[in-house]
Amino acid sequence: MKTEKYQGIFPAFYACYDREGNVSPQAVRELTRYLIGRGINGLYVGGSSGECIYQSVEERKLTLENVMEEAAGRVPVIAHVACNNTKDSQELAAHAQSLGVDAIAAIPPIYFHLPERGIAAYWNDISAAAPDTDFFIYNIPQLAGVALTLPLLREMKKNPRVIGVKNSSLLVQDIQMFRSEGMFVFNGPDEQLVSGLAAGALGGIGGTYGVMPELFLQVRKLTLAGEWKTAIKLQDQICAVIGKMCSGEGNMYAVIKEILRLQGGPDIGSVRAPLMGLSERDHALAEECAAMIGKFITERTERV
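Using the numbering used here, the letters of the sequence shown map in sequence onto residues 1 to 304.
By construction, these hints were calculated from the structure, which means they are not laboratory data. Mixed in with the good hints, there may be bad ones.
[Stated by the list, open to error] In silico PhoX-like links for lysine-lysine, alpha-carbon gap of 25 Å or less: (1) K5 <-> K87; (2) K158 <-> K5; (3) K158 <-> K229; (4) K5 <-> K157; (5) K295 <-> K221; (6) K221 <-> K233; (7) K233 <-> K295; (8) K158 <-> K87; (9) K244 <-> K229; (10) K61 <-> K5; (11) K233 <-> K244; (12) K87 <-> K61.
[Said to hold, decoys possible] Label pairs and their in silico Cβ distance ranges: (13) D88 <-> E288: 35 to 41 Å; (14) K295 <-> N159: 44 to 50 Å; (15) K295 <-> F112: 45 to 51 Å; (16) D88 <-> A240: 35 to 41 Å.
C-beta atoms are modelled at their ideal positions from N, C-alpha and C, and glycine is treated no differently.
Full structure from sequences and hints, please.
Laid out in structure tokens, this is it:
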């Protein structure tokens, strides 16, 4: 299994909208260029941070097309392609392969509680639509309502394209368990990157990485060097920022997009309803978060 290109810090790409709330190809390209310029190791497109469940198939295609054109092979790209039906998911998977993505990923079907054989059939059908592309299972039980079990994972291992798990469960033990089955594992919860790396994850995919990639890159660098105490202190600082981000009246991603603007990054619009946009007090909150991030990055740079 060649997993070297999947190691490192992969920001989960944000949904990019214009003033009318439509997907903006220009903003997608600007965000791609901006993130690559901040030294990230790869991109994860079309997941929760990309507001995928609130976008059409055509909008998701448009986003991925512009990411791939702008990235131009400079970093690996993983495309999340799951929709809540097999047909649309297969269409996105085939489209992603046609663009040359490095891998696709998929959550399980949501709403209806399918038996594990139904979930396996769904994932295998998606994979069959992109037969030359690596496949990552996206385990996020707190939102999907279904957890990846060992019997289900072992069934999926019969598919040679299934190489790993994006694990966003809150149980660090899951990382060790999936890794022991020969899977490459990405840590999902941003608040536990240190713990996930300690459990054997070789990379991380996260929704807050885009506004503080330098801090997450440094966490991984410290852990690789065995400097765990310093890594834990930095993780504590990251968690303080995330806690503040989540304390707003608007959705966390609305706060994140404002932080991105305050940092001099691209204007990628707000969030799509029914997600809640920024309230008046959230603007001050975003300023506080941006200041905290800037302070922590400066501290780490000065120490280096």
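Tell me the hint numbers this structure goes against, listed in increasing order. Hints 1 and 3 contradicted; others consistent.
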